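Asker: Each chain is listed here by its residues.
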Amino acid sequence: MSGLRFAAWRVVLGLITLWLLSVIVFAAARVLPGDVGRAILGPLADARAVAALDHALGADRGALASYIEWSRGLLQGDFGVSYAYRTPVAPLVAVALGRSLRLACLILAVAVPPALAAGLTAAHFAGGRIDRLLTLGGLALTVVPEFVTAILAMLVFGIALRWLPISAEPPPGAGAGTWLRHLILPALPGAVALFGYLARTLREASLAALQSDYLRAAILKGLAWPAILVRHLLPNVLPLLLTVLAAQLSYLLGGLVVVETLFRYPGIGLLILSAGRAHDFPLLQASVLVLGAFVVAASLAADLAVRWLTPRAA
Amino acid sequence: MLRGAAALPLAAAPERPLRIACDMPVGRIDPLTVSQTSGLLMLAQTGEFLLRVAPDGSLRPMLAVHWESNEDATLWRFRLRPGVRFHDGTVLNAGDVVATMDRLSDPAQASNALSVFRSVLSPGGTRAAGPLAVEFRLDAPDGHFPYAVSSDNYNAIILPAGRAGDWEADFIGTGPFRLAHYTPTLGARFERNPDWWGGAVRPAATEFLFFADQQPQILALLGDEADIVAQFVVSGARGLLDDPACHVIRLPSAAHRQIHMRTDRPPFADARVRRAVALSLDRPAILSGLLYGQGVLGNDSPCAPIYPETDLAVPQRAANPGAARRLLAEAGQAGGIAATLVTERLQEIPDLAVIVQQACAAIGIALEIRVEDPALYYGTAQRGSSDWLDSDFGITDYGHRAVPDVLLQAGFASNGAWNAAHFRDPRCDSLIAAYRAARTAAARRAASRAIQELLLAQTPVIIPYFFDFLVATRRDVTGVSASAIGQLFLAGAGRSAA
Numbered sequence: 001m002s003g004l005r006f007a008a009w010r011v012v013l014g015l016i017t018l019w020l021l022s023v024i025v026f027a028a029a030r031v032l033p034g035d036v037g038r039a040i041l042g043p044l045a046d047a048r049a050v051a052a053l054d055h056a057l058g059a060d061r062g063a064l065a066s067y068i069e070w071s072r073g074l075l076q077g078d079f080g081v082s083y084a085y086r087t088p089v090a091p092l093v094a095v096a097l098g099r100s101l102r103l104a105c106l107i108l109a110v111a112v113p114p115a116l117a118a119g120l121t122a123a124h125f126a127g128g129r130i131d132r133l134l135t136l137g138g139l140a141l142t143v144v145p146e147f148v149t150a151i152l153a154m155l156v157f158g159i160a161l162r163w164l165p166i167s168a169e170p171p172p173g174a175g176a177g178t179w180l181r182h183l184i185l186p187a188l189p190g191a192v193a194l195f196g197y198l199a200r201t202l203r204e205a206s207l208a209a210l211q212s213d214y215l216r217a218a219i220l221k222g223l224a225w226p227a228i229l230v231r232h233l234l235p236n237v238l239p240l241l242l243t244v245l246a247a248q249l250s251y252l253l254g255g256l257v258v259v260e261t262l263f264r265y266p267g268i269g270l271l272i273l274s275a276g277r278a279h280d281f282p283l284l285q286a287s288v289l290v291l292g293a294f295v296v297a298a299s300l301a302a303d304l305a306v307r308w309l310t311p312r313a314a
Numbered sequence: 001m002l003r004g005a006a007a008l009p010l011a012a013a014p015e016r017p018l019r020i021a022c023d024m025p026v027g028r029i030d031p032l033t034v035s036q037t038s039g040l041l042m043l044a045q046t047g048e049f050l051l052r053v054a055p056d057g058s059l060r061p062m063l064a065v066h067w068e069s070n071e072d073a074t075l076w077r078f079r080l081r082p083g084v085r086f087h088d089g090t091v092l093n094a095g096d097v098v099a100t101m102d103r104l105s106d107p108a109q110a111s112n113a114l115s116v117f118r119s120v121l122s123p124g125g126t127r128a129a130g131p132l133a134v135e136f137r138l139d140a141p142d143g144h145f146p147y148a149v150s151s152d153n154y155n156a157i158i159l160p161a162g163r164a165g166d167w168e169a170d171f172i173g174t175g176p177f178r179l180a181h182y183t184p185t186l187g188a189r190f191e192r193n194p195d196w197w198g199g200a201v202r203p204a205a206t207e208f209l210f211f212a213d214q215q216p217q218i219l220a221l222l223g224d225e226a227d228i229v230a231q232f233v234v235s236g237a238r239g240l241l242d243d244p245a246c247h248v249i250r251l252p253s254a255a256h257r258q259i260h261m262r263t264d265r266p267p268f269a270d271a272r273v274r275r276a277v278a279l280s281l282d283r284p285a286i287l288s289g290l291l292y293g294q295g296v297l298g299n300d301s302p303c304a305p306i307y308p309e310t311d312l313a314v315p316q317r318a319a320n321p322g323a324a325r326r327l328l329a330e331a332g333q334a335g336g337i338a339a340t341l342v343t344e345r346l347q348e349i350p351d352l353a354v355i356v357q358q359a360c361a362a363i364g365i366a367l368e369i370r371v372e373d374p375a376l377y378y379g380t381a382q383r384g385s386s387d388w389l390d391s392d393f394g395i396t397d398y399g400h401r402a403v404p405d406v407l408l409q410a411g412f413a414s415n416g417a418w419n420a421a422h423f424r425d426p427r428c429d430s431l432i433a434a435y436r437a438a439r440t441a442a443a444r445r446a447a448s449r450a451i452q453e454l455l456l457a458q459t460p461v462i463i464p465y466f467f468d469f470l471v472a473t474r475r476d477v478t479g480v481s482a483s484a485i486g487q488l489f490l491a492g493a494g495r496s497a498a
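The listed protein sequences derive, respectively, from chains A and B. Quick note: the first sequence uses our numbering, first residue 1, plus one each step. Quick note: the second sequence uses our numbering, first residue 1, plus one each step.
Quick caveat, the hints were computed from the structure, so don't treat them as lab data. A few of these clues could be false.
Said to hold, decoys possible - Computed far set for chain A versus chain B, every beta-carbon distance over 10 Å: (1) F6; (2) L13; (3) L20; (4) A227; (5) Y251; (6) F263; (7) S299.
Stated by the list, open to error - For the chain A half of the interface with chain B, some residues (derived, Cβ under 8 Å), not all of them: (8) A28; (9) L32; (10) P43; (11) L44; (12) A45; (13) A84; (14) Y85; (15) G158.
For clarity, every value in this text was computed on a predicted model and none was experimentally measured. Ideal Cβ positions, reconstructed from N, Cα and C, are used throughout, including at glycine.
Using the sequences and the accompanying hints, generate a full structural model.
Answerer: Set out below in structure tokens:
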């Protein structure tokens, strides 16, 4: 299959995935107990007020009619109006996604280089003390829940030492330096968890490559380690790294709700959670769909990159 | 030369705004629909009420300076404060009050104040009796009506007559602060209103920081990234009570957990069984263990000790497992009872459910606990489709009210919308009506005592405790005034000199 046909086929599959996702989210939102009017007005609100609000928001229409109208709007580029915020959904999602993307990029920047180095080093010294240290250390970091790392980081660096702010959102008009300073602590829990996972995965991939016939032959011929690393090992490991990172994108963008909560950083994960609690169907649907689109696009990009890096896989 | 340079006037450093950590309002801030504590906190920054409830529960003038009623408390007249201006410069008049109250009392308007105004005030019941005079013609006598237009009815901030919807654009009001900017999910900044009728406003600006959970608010306070935590619950923040860097403001309140038992069907149809359950609970131990003492004991009626009309001479119910077992035997239930306790996942309520389960087990009642998401528990809040209103045995969260009228009417009147116990007692209905219509404190106290005694005898609900409303500030912050429903009044707040 040519690269172009492969890409086109994956785009079609991606669109089908997103459509199925929208149907699932829609159905899930409909089976949630309670309704939007009561979620906004509170559990003890007068039933007449709840009915009036549901009607005003259009939340009392039939499920199918709502879905069709929402789909029609989406095809015209309109994500609809949030029930809870009563403003267009698109800017709310864009702002939250922007925050999550910034945090995800910083986590990748912090976690990937050391994880790559640790994985390669552990493989190089496989079975030795350094390998055991890195492997066990990576495993330990993977299993520490984010909220533990986050609270520890806040207590130590934010409250005891006062080195870093514990609120992720910088003041309005802040420069890049301030912005970065505010995001360091929030990036830490995700980076720690990702480092442990990546390091162990890359160690296994590197070890497998190092034990392959052609690399053993290269080593026996006396090829220098830097040359082995650059010419043989990295080209073997990078495709796996890209695939793993693409798979981790949904976690990095939408799975850091605890981090977003603790560091006052309302990203897309927190937006999805609050939209679900508020029965805000248009906001929930748009948030999940946009997040899904990012994950599908990242997966496609990773697959294309892997095909390019490893032509034999084409 | 150096001395001369030092003598040059230095530019004054801008005063740091007072930073308040609070829950994130989910959804639009709209005076008509607000129900979350975080939302009503926002309303009270720029908006004002006709009257304000003081910490001792009494009413103080705010936008109204005088109020009186006719003989049977069906007609109330309010005189407005002259010279009050909205933030856009327009002068407050009676038409603004009429428009505000008509909107809030209109069932077609999705008003959250309807639960307060139900059977009390209808659209058209409010009319201008002069440029600065307003009359309320009520649907039924109500001696406590001024509370319905006070800060206790948190939706009732007075808005300009032509204003409806999109309040979030400018947070218009008459209050001591004006909106500088508001970013949904993140925070809001308010600046001093130099034209406020109340005089000088102490802080130049206030900054509200929204959080999705309590724990990070506490950490922000400890990390000096917030000066005030607008509200915290003691479970999970016990350390704040003894932290020398912080000051905790304790406001006694009528907020409570209500344990209802269905009075209309077995196994709790017999009042002796309900009394037995109530006698199984060791309330002082519950108050101490669950709330670290931050509250007072409940006596199985919503007539909380903070209400001046509550008769504190009514004997406090105390644990007595022996008497409880005897009551069960008298009711023919010596062999034991099995039931399901349904409740919502909120703060300490699941822990309270376990305590109730253990206490009941000690007297031979086997309880299975079902803890639900609040949305599932309340359902549609209509009988037949709400675990809250349909369950035999449940625990429900009730917030603070400055007067118990709504709690009594909705919770215990035969037609009450929140009557989860399905309690029907004509004498109770007439006592509640008498309480609400009473114009003198003595009449109200007499009705209150009768209600307290009747509810103790019948025990449709158990109220083990009323918990305090807690606000935390950094030690150097002074002048913070709060209400037990969640408002902060910050016109006099600031940091004291070191």
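Asker: Do the numbers back the hint for G158 of chain A, that is, is its least Cβ distance to chain B under 8 Å?
Answerer: 5 Å, holds
Asker: Report holds or violated for the interface hint on Y85 of chain A, using the least CB-CB distance to chain B and a cut-off of 8 Å.
Answerer: 5 Å, holds
Asker: Determine whether the non-interface label on A227 of chain A survives the test: each CB of chain B must be over 10 Å from its CB.
Answerer: Given a closest Cβ separation of 50 Å, the condition holds.
Asker: Restraint: A84 of chain A near chain B, CB-CB cut 8 Å. Satisfied or not?
Answerer: It holds, given that the least Cβ distance between A84 of chain A and chain B is near 3 Å, below 8 Å.
Asker: Quick check for students: does the CB of F6 of chain A sit more than 10 Å from each CB in chain B?
Answerer: 40 Å, holds
Asker: Is the claim that Y251 of chain A lies outside the interface with chain B correct, judged by CB distances over 10 Å?
Answerer: 19 Å, holds
Asker: Hey, is F263 of chain A genuinely clear of chain B, shortest beta carbon separation above 10 Å?
Answerer: With a cut-off of 10 Å, F263 of chain A comes too close to chain B, as the shortest Cβ separation is near 7 Å.
Asker: With 8 Å as the cut and Cβ atoms as the points, is L32 of chain A at the interface with chain B?
Answerer: With Cβ-Cβ at 7 Å, under 8 Å, it holds.
Asker: At 10 Å, judged by beta carbons, does L20 of chain A keep clear of chain B as stated?
Answerer: Fine: 26 Å to the nearest Cβ keeps L20 of chain A off the interface.
Asker: Once the shortest beta carbon distance from A28 of chain A to chain B is found, is it less than 8 Å?
Answerer: Cβ of A28 of chain A sits 14 Å from chain B, so the hint is violated.
Asker: Does P43 of chain A pass the interface hint, meaning its C-beta sits closer than 8 Å to a C-beta of chain B?
Answerer: OK, holds: P43 of chain A within 8 Å of chain B, min 4 Å.
Asker: Over 10 Å from every CB of chain B: does S299 of chain A meet that, or does the non-interface label fail?
Answerer: 29 Å, holds
In this structure, the earlier hints numbered 6, 8 are contradicted, and the remaining ones agree with it.
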